[in-house]
Structure formats: structure tokens, C-alpha cells
Amino acid sequence: MGLLNFLKRIEPDKEKSPFLHTAYDAFFTFAYTPNEVTHDGTHLKDGIDLKRTMVMVVLAMQFCYIFGTYNIGHQHFTAMGQYMGFLEGFHLKLAHGLIKLFPIFLWTHVVGLGIEFYFAYKKGHSVEEGFLVSGALIPLIMPPDIPIWMLCVAVAFAVILGKEAFGGTGMNIWNVALLARVFVFFAYPTTISGDEVWVSGFETLAEGTAPEYGGWTYSMFDGLFSAMGLDTFRAGAGTIVDGYSGATPLALAYQGGWEAVTETYSVNQMWWGTIPGSIGETSKPLILLGAAILLITRIGSWRIMLSMLIGAAAMAMLMNLWGATPFMTVPWYYQFWMGSFFFAAVFMATDPVTASSTNTGKWIYGFLIGFIGMIIRVINPAYPEGWMLAILFLNTFAPLIDYYVLDANIKRRLARA
Amino acid sequence: MLVTTITILAAILVLAAVWMLTNNFFHIEASKSGIDADSHDLGIMPKSNVLFGTPIPANIDANKFHRLSKGHDIKLVGAANGEVENIRTNRYAVKPTDFRGIAPIPKLMVQVGDEVKAGDPLFYDKSNPDIMFVSPVSGEVVEVQRGAKRAISAVVVLADKADNYKQFSVPASDASREDIVNFLMSTGFWPFINRRPFDTLANPNNTPRDIFISLMETAPLATPVAIQLNGAMDDFNNGLSVLAKLTDGAVYLGCDSSDASVANAVNDIDGVEKHWFRGPHPAGNVGVQIHHIRPINAADQVWTLKANSVAILGKLFRTGNLDLTSVIGLTGAGFNENKYIRTPFGAEVGSLVEGNTSEGKFRMISGDVLTGTQVAAVGFMDANASQLTTLSEGDHYEMFGWLLPLSPRPSISGTYPNGLFKEFKFEPDTNTHGEERAFVVTGQYESVLPMDIYPQHLLKAIMANDYERMEGLGIYELSEEDLALCEFACTSKVPVQKILRRGLNMMEEQS
Chain S
-4 MGLLNFLKRI EPDKEKSPFL HTAYDAFFTF AYTPNEVTHD GTHLKDGIDL
46 KRTMVMVVLA MQFCYIFGTY NIGHQHFTAM GQYMGFLEGF HLKLAHGLIK
96 LFPIFLWTHV VGLGIEFYFA YKKGHSVEEG FLVSGALIPL IMPPDIPIWM
146 LCVAVAFAVI LGKEAFGGTG MNIWNVALLA RVFVFFAYPT TISGDEVWVS
196 GFETLAEGTA PEYGGWTYSM FDGLFSAMGL DTFRAGAGTI VDGYSGATPL
246 ALAYQGGWEA VTETYSVNQM WWGTIPGSIG ETSKPLILLG AAILLITRIG
296 SWRIMLSMLI GAAAMAMLMN LWGATPFMTV PWYYQFWMGS FFFAAVFMAT
346 DPVTASSTNT GKWIYGFLIG FIGMIIRVIN PAYPEGWMLA ILFLNTFAPL
396 IDYYVLDANI KRRLARA
Chain P
129 MLVTTITILA AILVLAAVWM LTNNFFHIEA SKSGIDADSH DLGIMPKSNV
179 LFGTPIPANI DANKFHRLSK GHDIKLVGAA NGEVENIRTN RYAVKPTDFR
229 GIAPIPKLMV QVGDEVKAGD PLFYDKSNPD IMFVSPVSGE VVEVQRGAKR
279 AISAVVVLAD KADNYKQFSV PASDASREDI VNFLMSTGFW PFINRRPFDT
329 LANPNNTPRD IFISLMETAP LATPVAIQLN GAMDDFNNGL SVLAKLTDGA
379 VYLGCDSSDA SVANAVNDID GVEKHWFRGP HPAGNVGVQI HHIRPINAAD
429 QVWTLKANSV AILGKLFRTG NLDLTSVIGL TGAGFNENKY IRTPFGAEVG
479 SLVEGNTSEG KFRMISGDVL TGTQVAAVGF MDANASQLTT LSEGDHYEMF
529 GWLLPLSPRP SISGTYPNGL FKEFKFEPDT NTHGEERAFV VTGQYESVLP
579 MDIYPQHLLK AIMANDYERM EGLGIYELSE EDLALCEFAC TSKVPVQKIL
629 RRGLNMMEEQ S
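Residue numbers (our numbering), protein chains in the order written: chain S, -4 to 412; chain P, 129 to 639.
In isolation and in its complexed conformation, chain P is listed as follows (with noise of 0.2 angstroms):
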């Protein structure tokens, strides 16, 4: 027995020393022909995951594509499907809450009852006065809503029956840096520039390190990237060409491996860097391809902006107008008909809905079901916003609803059979399923995140005020769509966005 168990003890260790001798042997031999062993696979047996895994799809470099694992795809009934309608609403609105990092009051460009353009200013924040928020339709200026504490909600524009755009001279090709970041500024693009850290609205004062894009929409019914840039596919390379020239790294693309029609055609523009990612949600965050391309650090500064403003970027620099609408899926089973729609941001609710709404207490979100705001149906669409989801509304006991439940529910967890009907589509409700209580259940909120962060330990970092250990812990590389699939998860029902922006701004303050 004994003589049995050292031999093969001896046969494993001479096989591991085997193994690592011809690894090292290969990267001398790389290091010799001038093969950069870092960028590829030296080593005698192959990674798992081309073993076992899907190929990656020919013609894409194995170092740009990420294949990630962990996350978890929610799938939901009411998916939208069809043309896109183009649809108009009686009224707009801008609402100040949408933007990150601006004060609750900004100082208002306009009184009510002013007839303002489509890309008239109507308000710009105190503390950067050059950045203007400007009206997305033409008509007049009927309602200034405010909230708690005289709070400006939402600046309300009647609109009229077709745009009157204002005209913006646009630079010239070889403009500045700074002229162009100017001419964004006073145009009232500018607020769909993101910074990260933090997920606020881009600084006009730094160059950023690196520009992403996101082409990969994750998200539980989400609209994909294809059909919201349907037809817009020059604008958008015309939108990335101006992007390239805002910073000294590069765009970088978070394209999808699965659908590469939107990926196929951006043009070769010089300083854009196509990335692939495979994977369930949150692959398609930015944030998350950020944390795989190339990771920031607490120093740096980086800038995202969704596909949707690219295009609307290009189109400003080809017509010098400025055309905020997007496509937005109606989706959920909330809806009868779950279509897509265009239209400006900023729609009333309520029109955009009119006689599709299905029977039954559904609650409106404007946005995915993790990361959207409710909104009512006198209230008005987000900005930028590419979905429009109904759920309906949880606010019912369910006996024994935690040990037998009654309906399906999306969930990570091995106590129901999900993992059996992998392609099922739930229709859920809104309710908490559980109450709130401490954190007690440790590796689920890692087996959601795939970057290298340890979110439950960042929130209590957070929840202690630890500044050194939030830093340390990465809070600069996530921002609340990051960790929502997180808060889905979470067993104790622990309001995570809330506690990670609470983070957020803290850091805020101190830098």
C-alpha cells in the first residue's frame, strides 16, 4: 500500500515536471523568434475551454476575444419584434434626473411659454455652465415640473406636428480637440458622454485615456444594437471618426460574437479597436468589457457612450443638427402588441402606450427590469432610452410563497429547477420575494460579476465608510447596471445599486 501510494505520488511529480520544462521550453523558444508569448497560448496542452468549449469564429484574433462565463441571462415573455414604427407623442420632456453628477436645480435657459427649436437650450448646471441641455423636439415650453425641494423634474415641451432643428455650424476636419469638445458642449451633446469612474457625466476639462462603446445589449429583453442603428450604420462610423479624434488611446468596440452584422460593418477607422465578447448578462455592460479590455485604475479617466449617440453623434457632424431620438422595444407582457417604435427622447409615457396596454397592474419601466426607472403613464421616457418594459405588479401574499411557489420565477438558485428549462421565458411580478436581512449566503454575488472583484465585500466596505478598502476593492471600476444582476440574485434582498452609489459618491466627493 504504502509503496504503491509513493509511486504514484513520484508518477505525478515527474509528469508535473515534464509539463512545466516543455511550457518554459516554448516560451525560450517564442522569446528566441520574437513571438510575443503573452498574446498567445504556449503550452503543451491546450486551454479547456478550446478543448471543450465553442471555437471561437474564424477571422478574430484570440486576444480581443473574451469569453465570459460567469452571469446570467434572465429570459422574459414580451419580447419586442417587427418594424420600426416611427411614432410621435403630444409632449417631450428633459428630465435633469437623468444625467448624473448635475445639481438638483440647474439654472433654466427658458419660462414657460418660450418657443424653443429642436436643439435649443433649455437649462444648464451651475457648476459647468458651457455644457447645455437642450430641448430634443421643436414646440413650446408648457410646464416646468418640479419635485422635492423645488427639484426641477422635468422641463415639458409641446411638441409640434415635425422638427424645426437649430442649425449648428459644424467644425471643420482638421478642428481641434478642443473646438470640437466645444462644439459638443454647446450643442447639447455632451450630457450623453459618461465618464468612469463613477458612471457621471464626462469632464470637458480631461482627455480621457481610452473611449468605449458597447455594441452588445445583454439586458433582459433588450433591443439589440442591430436595430437601434438600423440605417444608421454611416453616421455611426462618421460618429466614431470624430470619437477618435477626443482621445489619445483608442475607441475601443465591445462587439458581440454571436451577431456580427453591426461589428462587420464599421469601417477601418484609424484608432477604433474592435473587442468580442461572448457571454450571458452583463457581458454586454460596458463597464464589464472595460474590466477585460483594459481595466482603469484609480488615476485613470475613461469615457462611454451608448451606440444609439454615436449615430447621433455622426449625424450632428454631417447635417449640424442635432436628432435625439432612438428605437424603443415595448416589451414585457404588459404590452398587446410588443413592437418597436421611434421617437424622441423624452416621450410621454402615456401617449407612447395608448391602447396597447394589456389588463392587469403592470408597472412601467423605462429601461431593463435591473437598472430602469419606474415611470407613470403621465410621466415621460428616459433619455436615451431603448426599451420600454412592463411587470406586472407583486403586491399579493402568496402562502408558503418561499417554500411551494405558485409560478415560475427567474432565478440563479439550484432550489428550483430552472437549470432544466434553460430556454424557458418567465413572466415575473415585482415582488421582493423575501424580506431584507444581513448578508448571509457568500459566492453569489461572484458567481453574477464577471470581472475580478469582490462585490460583497466592497458593499460592506461601503456600508463601514472604508474609503482606503472601497478603493482597494475596485468600487472605481463598477457602476450600478454592473452589479444589478447582483442585487437580482441576492438572498437577503440587500439594496445594492443604492448602497454602491451611496459609494460612488462618497469617492466622489473626495477626489
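Only chain S is shown next, with the shape it has when bound in the complex (with noise of 0.2 angstroms):
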């Protein structure tokens, strides 16, 4: 109750500094559930709420995030041939991630809720839950060493054009994370496409030179693990090995079919992870256990899901009758181990704001995305995944599906008049 009390006390009043108090009560409301009683319709709620909601969602991904993290590390040592065990060198990998991510989060959430704490007091509103999933959403699919000011700027285009322009949580019409990809991918196509921008230090190292683990972040890592007695960044820094090419295994898919692709990798690693790609995206069996939470909690939709892993084994079967390139004739239940399949279906895909609303647009929707994302994929050279790019065009298409739904559902009343 004292708690509460000084909370009370500190208010800023709602007249005099409206900024103050949008800010105030976006943090109030996620301390406290405010005291609000129904009047006017049921007298009871239901105990979920869109904080709830939201916050399902990230907790889904938290594992995606801890691995991702660690393996961050893992890349940049095993391109440089150290560490080359999962487990070795735990602290180096999981230091290295940490310092690599957490910027990446901290101005994600920094640019994307001040933005939205701007438009919520701009327009009188109390600032809306929305952005807590596509903050936690933008540095799993993002390069891990993009530039901030590039991270800042992508950000502040997909929740300014994307999401406020339209009027705010519930209006976008498309995903707010992918949009931040989409924005990075054509206005700095360099540091998001290409064989070396999914291992951290890769792109930026000069053939021989050792990186520099500058920085006051590296030196009390340093400084914390020579005080534990365990090896340390710059004690040991390496070269890159010579002939390391950095290529995800959809790169080398498409030079060379599954035979390039299980030279470099094995299947078991493609499965667990431990190969280069998004932040996030690269472990399967956690993504599917996040994938398990959210239709556990029926938070996610398993139509969508389904519909999509349906739409894609059915293209990638075309494909393989087809065989033309040596990217077709990978095996179909293969093109699930490579690439972000798995995250865009559990995370991108099923965002209920952007998918079609009723229940059989969502098996079309998700068909789809399926469809065209393994089309994408396949075909084209220049965007080795394609997800995003087939997600981003239906989410344009689901309100077109879901009118010709609601069509259908007008006609069939008609015809019983």
C-alpha cells in the first residue's frame, strides 16, 4: 500500500504536463491494473487484457532471445576457428552476444516507445500495448552488427509510417517488425544481404587482422573473467580462417543444392541452431516450444501456422518435381531446416492485426504466405529468404480475403430470405 500510495502522491497532473502524465501512466498501468469497474454493459471481464496478451508473446520468445544471444558468440569465435565446441569458451560467446544484442534492444524499445509515448499524448490516449511485441519482435531478425543509427532509423519508419500513420495498435496493415526489416533491406541493401553480415565481426574485419574488442563493454568483461581466472576477448583474439565464407544455408542452397548445403553444415546443426542468420530464427526446437506456448495460451493461431507449413511443403513439392535449379532439388522437408521458416510462421505470421480476422481467411492467408514465401525463396537470387517479402504482401491481401469471406457469409443470408 505505501508503494501505491507514493505513486498516487508523484502523479503529474493530466492539465498542466500532459507528456508527464501519458509517460506516468504507461508505467502505472504496467505496475498496477487500474481500479476501473464495468458499467454499462457485463459486470464482469474477463481477466485478460492486452498487456496479457502481449506479454505471452515475449515471454514465447525468450528463448529465441537466450540463444540467440549465445549464439552470436558462437559464429564470431567458430569463423575464427576458436571455441569451436559448443560449450567451450560459454563465457566469451555468451559476453559477446550480450554486448552485440543489447544495444540493439535497448534502442529498439528506446526509439519505438518514445515514438508512441509522443503519439499517445499527442492524441490523448494512454499509450497502447502494441509496440512491446514488435520491440522484442525487431532485434531477433535484424543482422547483429547493424548499425544503431540504422536499427534507429528503420524503427522510427515502421512505427511512424507503419503503425501510427494508420492510427495506432490495431489499425497497421502491416507488420511493424517487418516493415523495420523491410526499410533496412532496401535503403542499406549491403548490411543485410550477402554471405557475411549474419556473423558478428565477420563484415568488418579486413582478411588477417585480429578484431579489436574496443570499448569500456569489453574491458569489464575482460576485466570480470581474468579476476575468475578464465580466458579473456583480447587476450586471445584471432584471425578469420582463411577460406571461412560466412554463408547461411540458404546461401549455399541456391549454389549448389543440399550437397553444398550439408558440406558445410550438418542437418543437426541446421536443426539446433548453432549455424549463422537472424538473431533469432536459427533455433528450431525453441522457436517450436515458443510455437507451443502461444497455442497452448490460444494466442497464436494454429491455422495460420498449419495453412503455411501446408503452402510451403506444397510449393516445395512442385519445386522438386520441377527440379530446374540446383536450389529445387533440395529435398521439400529439408527447405524447413534452413532459413526462418519456422520463426516467420510462429511469430510473423500469426500477428492477429495483420492477418485475416476470420477464421477461414486465415487458412487462405497462411496457404498463401506459404506459397509465395518458398517461390520467393527459391527463385530468387537477390532475397535468399522469403518471408518477409510474402508475409508483407498478404498481410496487403487479408483484408481482401476476409471481405470475400464476409461476402460469402452476406450472400448465404440473403439466399435464405
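The set of hints was computed from the structure by calculation and includes no laboratory data.
Just so we're clear, the structure is a prediction, and the values are computed from it rather than from any experiment.
Please note that a few of the clues may not be correct.
Said to hold, decoys possible - Cross-link-like lysine-lysine pairs, in silico, DSBU-like; alpha carbons within 30 angstroms at most:
hint	chain 1	residue 1	chain 2	residue 2
1	P	LYS626	S	LYS406
2	P	LYS588	S	LYS117
3	P	LYS373	S	LYS9
4	P	LYS373	S	LYS118
Stated by the list, open to error - A few chain P residues facing chain S, derived, Cβ under 7 angstroms:
hint	residue
5	GLU526
6	ARG565
7	THR619
8	PRO623
9	LYS626
Cβ atoms here follow ideal geometry from the backbone N, Cα and C, with glycine treated the same way.
Both chains are sitting in their own frames, so use the hints and assemble them into the complex.
Here it is in C-alpha cells:
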């Protein structure tokens, strides 16, 4: 009760300092559910609200966060031939991953939430929770070395033009996290495409030079590690192994089919996720664990996930039948081992605001994402992964799909008359 | 690999072809032998609910059995039990706001101080002066309570110890439809007939396509129809035969397949048809039942009555007295003793609950927690109410209430472990558990509405004032009580019932 009284006493006045009041309200409602009671309708309401829904999605992603952080470090060191075993250099890999990921996570939220707070203040309503999920997704789909200024511009673009311009949470047409990524992809293509960007430190290092590990963050960790008697960053700095390409399995499949992929990466590696890629997309079992959470809590639509799987499998089977390019010969079930299919299916495509809202529509929506995404992935050399574009494409058409489902409902009703 | 895939696909195609062909042959044979194909399940595979679900009870025609899977039963503590106690309070009131579709200031026919008998008219609506609104008890008119803009909120009568009824002359059994309608209007029974669409007072100038009565109460803590009609089945049957004369179509009864006692006590009356329902709330709502029996379209007019009203009608035709009483269940955790009482309509709430209320701040609701109206102790029960529910007021802050709730609360969401404890009875409060937001989550409303309607899109059409879309998406089939569970389940706390009523009012103005 003491904390509550204290918080009530420091509440900024709504008239005199509206921006502070909006910010205060956002943090207050995060800590305390408001004491509003029902009137003019049902007298009791379900215990679920938007905060709880969003936080469940964020929690489902946490496995990917932990593994992704570690994988940044793991890929960095294996590129230099050091600590090749998964658990070797555990402390260094985790620390390196944190140093890379934490600024991305922090700046995504500072910029995104800052814009959301500003718009809430301007429009006079409370800060809405939609950005909790977008802000958690954006770091997971960015390359680890993305310049922070580029990330901030991308987030600002996604939130202002992709969401607030349409009316805020619940009104956006396109998936906000994917808009941030697509902005970086088209405005700064070299930072997000190619073989070198998915391994931390690979792109920036010249041939034969060792990474610097400069800055107070590395010094701090080095101090901590040497005090504990463990290996440090600077003492063991290595150089990129000769002939290391940093290619993701998709890039290899495009060049030489499944044989090229299995030369560099084993099937187990691809499944468990110790491969280069976006921060959160590589570990399939952890994504599936997140999917299980979303399905059990009925927050993620199983219809979209299942139909996307069916659509992708159908197109992959058709490609197997055709077999014109090396990529098309990759067996259809191995297509799911590579790339970000599961991540896109579980976290991106199931966003309820941008997906179809009718159940029938969800089947069509998911199926087409899978179907078209596979085409983009396999046939187009410029886009190694197709889900971002396929999902944005179907986001554009989701209202149209819904329109026809509703039209069928209207016609059914008229036919009864 | 390729060969196996093609073989499997071919096998599936062949099986599908065989299935479709056999189904077609069944249908051809059926039409040859004159069997109606639509009303029987003709096919090589039985339906899934026949294979795996609980079987239809014997003696029930499969066409008249409706198994509704969507919906949600909210289980609350404080169900009423025991014998029905006859109670009389000092004051009773008739509230114009209980009846939808009349003007806020009806024309009064009595003044403060007038003596009235039970059945004497108190006021009428200027747009239809023939429909009388009568007093449920005899006594003296003591007060005319007014609300905002001088709208009449209640006409209060100080009741006698025993009711002195006005004697009406009942029409003969061969009376015309018009005579019966005029009789019902003058005796004050008419306001208890509602019409669909719009769920407002029935229009006496129209002949309804059908009349629907629900014999199934599925709302949380609702008084079962068996208790409401206990000892009144003769009057109920009598009322049904009267209603059968008022429509050219049928009088449909929505019966509860899990408790057939009431339905079995209904006589075989010409023009009365029983349909059986099984499912969670809102399977007992008459609007949902209409949708599954004979859905209404834009041009149709149907009437709905509560089961208790039909018993009152039967008694009116038997005795010539309008006995406006109902069984009210005192439900919820706010009462020390959850019991059933019998009292005339519009009883003073404070006297009803005297000495029976528990400690704590409780909200009293005339009706059920989803659709009822809040009443104060100085207020009066709604007309034809069958329960008085209590809910504790939830006007307190809860730290991280959305993340780790400290008390169990009813929810359809999978984020609570409620699905593992299906029989658990909740003691919820009136806290909104979150603030109002825009529509975000989809599919939630559809999961608790067992009708072929997309409620979220309908609400968006209402909010956009799109008349054609509202009509196309089925607003005529709905009333607030049908969407009440959607409002309960809504993640974004949208005021669904309020928006729906605004839409219905808009459409009613147009027609």
C-alpha cells in the first residue's frame, strides 16, 4: 500500500504536464491494473487483457533470445577457428552476444516506445501495448552488427509510417517488425544481404587482422573474466579462418543444392541452430517451444501456422517435381531446416492485427504465405529468404480475403430470405 | 521418393472419388424411395459427433436436436437452492426503462395518491396508446420518480397486504386474433411480448411469422425454468394454446436436452413445436435458438416471450386476473442465504435482501451478471426478472494484476489454467481487468457465439455507420444478450452491447 500511495502522490497533473502524465500512466498501468469497474454492459469481464496477451508472446520468444545471444558469440568465434565446441568459451560467447544484442534491444525500445509515448500524448489516450511485441521481434530479425543509427531510423520508419499513421495499435496493415527489416533491406541492402553480415565481426574485419574488442564493455568483461581466471577477449583474439565464407545454408543451397549445404553444415546443426543467420531464427526446437506456448494459450492461430506449413510444403514438393535449379532439388522436407520459416510462421504471420480476421481467411492467408514465400526463396537470387516479403504481401491482401469471406456470409444470409 | 508421393496422392484421390460416388448413390436411392435427403444424415461415414460425442437422447428427432459447441459457461459461487419462499415487500414499482422501444416520458394515467388494483393501468406510450402498462400489485401510488430530463424512471406503488385484482373478461375460446390482441393490450400483458429484430416491444399490428420461447436458462446462476414454472404447467400449456392462435406459423419451444422435465410436461398442442438444444451459454438465449430453428431475415417479424410470461398468460385466460409474479433467485456471494423467492414484479430491492447480505462492498444486479441492470438498495427489480445477483465491487488496484493474478478469475483465455479446473466456481469482482483498446485479437468473439455471424466485423460496421453492411452481416438476428458473452471475453474491453444497441436503434429508425 505504501508504494501505491507514493505513486499516487507523484502523479503528474493531466492538464499541466500532459506528456509526463502519459509517460507516468504507461508505467503505472504496467505496475498496477487500474481500479476501473464495469458499467453499461456486462458486470464482469474476462481476466485477459492486451498487456497479458502481448507479454505471453514476448515470453514465448525468450528462448530464442537466450539462444540467439549465445549464437552470436558462437558464430563469431567459430569463424576464427576458436572455441569450436558448442560449450567451449561459454562465458566469452555469451558476453559477446550480450554486448552486441543489448544495444540493439535497448535502442529499439527507446526509439519505438518514445515515438509511441509521443503519439499517445498528442492524441490524448493512454500508451497502447502493441509495441511490446514488435519491440521484442525487431532485434531478433536484425543482423548482429547492424549500425545502431540505421536500426533507429528503421524503427522510426516502421512505427511512424507503418503504425501510427494508420491509427496506432490494432489499425496497422503491415507487420511493424517486418517493416523495420524491409526498410533496412531496401535502403541499406549491403548491411543485411550477402554472406558476410550474419556472423558478428566478419564483415568489418579485413583479411588477416584480429578484432579489436575495444570499448568499455569489453574491458569490463575482460576484467571480470581475468579476475575469475577464465579466458579473455583480447588475450586470445584470433583472425578469420582462411576460406571461411559465413554463408547461411540458404545461400549455399542456392549455389549448389542440398549437397553444398551438407558440406558445410550438418542436419543437426541446422536443426539445433548453431548456424549463421538472424539472431532469433536459427534454433528450430526453441521456436517450436515458443509455438507450443502460443498454441496452448490460444494466442497464436494454429490455422495460420498449419496452413503456412502446408503451403510451403506444397510449393516445395512442386519444386522438387520441376527440379530446374540446384535449389529446387533440395528435398521438400529439408527446406524447413534452412532459413527462418518457423520463426516467420510462429511469430510474424500469426500477428492478429495484420492477418486475416476470419477463420476461413486465416487458412487462405497462411497457405498463400507459405506458397509464395517458397517461390521467392527458391527462384529469386536477390532475396535469400522469402518470408518477409511474402508476409508483407499477404498483409496487403488480408483485408481482401476477409472481404470475400464476409461477402460469402452476406450472400448466405440473403439466399435464406 | 517421387513414385511413393504420386502413389499416395493417387490412392487418396481414388478413395475420395469412391466416397463421393457412394454418397451420391445414397442420395439417388433416397429420392427414389421418397425419403427427404436434407433431414437425414445420408453418407457412408457417420458424422463426427455421432461417432465421438454423447448420443442424442432417445425419442428426439435428429432434425430437432441442435448441438451447439461454441460458447462458455461461467461458473460462479452462490447458486440458489431450496424451496421457493413467498415474500412481499412494502413497495413495488413499474419502470418504463424496462421496456425497450417506448418514449422516455410515457403518459401517466394515475396521480400520486390514487388507489390502484393489481392490473390497473399506470401509464401508456404516446406512440401506441392502446398498450397499457399496469400495476403488479394493488395499493396506493406513492411516488413518480423522475430521472434526467424529467424522464419517468419509476412509478412506485405502496402495496396492500394482499392483492386486490382487477377482473378482466376473458375472450371466448373462438375469439378472433384481433380480439385476443386487443385484450392483451388492455390488460397490460402486451409489454411482455418482445419482437425480433430489434428486441423491442412487439407491434400489435403485425402478425408474427413464428413465436419463440426458450425453456432453457444457461446464463450464470440463472433460475432454472423448471423452478420458475413449478406448479404452473397447466397455465403454461394454456398460454401456449393462446399463443398458437396469434401466429400463422408455429410456436417453437427451445427445450433443454439435459433436463427434459419441463418439455415433457408440455402437452401436444397444435401449432407448438419442440426443438432440443445442448451446449454452453448462450445456447439458452432465444436469439441463438431462433438462428438454429428458423433464422429471421430482413423482412421477418417474430415474437419472443419468457417462459414465465407464458404461464402468466395462461393464468390470465383461466382466471381473468393478471398475476405478475416471478420466482427470483438470490444468487451470488453477497448473500448469506442463496434462496428462491416468489414476489410480484418490481419489488423494492432493499426489502428483498434485508438481513441477508454479507460483509463487503457488493453490487446488486437485477438479472444475470452479463445482461442485468445494476440496482441500488433503494431501487426496484426489473419487470419479469428471475434473479438478483451480487458481485463484489473490484475498485482496487492490483499490482501486476495482468501478469500474475492473485485471485482466480473466470476467463476463456488459455493464459489461465481455468481449462484444467472445469467445475471450479469463481467469486469474481467487477474490475475491468484492463483498459479499453482498439480491436486487436481476432476469432475471440466467434468462439463464444454459436451463430453464423461475424460479430467483430458487424461491430465495426456499426461503428462506421454502414447501414447496408450492418444489415448484410446479420444485425437483425442479434440482441444484446447474444453478444454479452463476446463482451465478457473481449481482450480489448470494447463496450459491445452498447455499440450493438446503437446499431439496432439506427436500423430501427430506418425501417
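Ascending list of hint numbers which this structure does not respect: 3, 4
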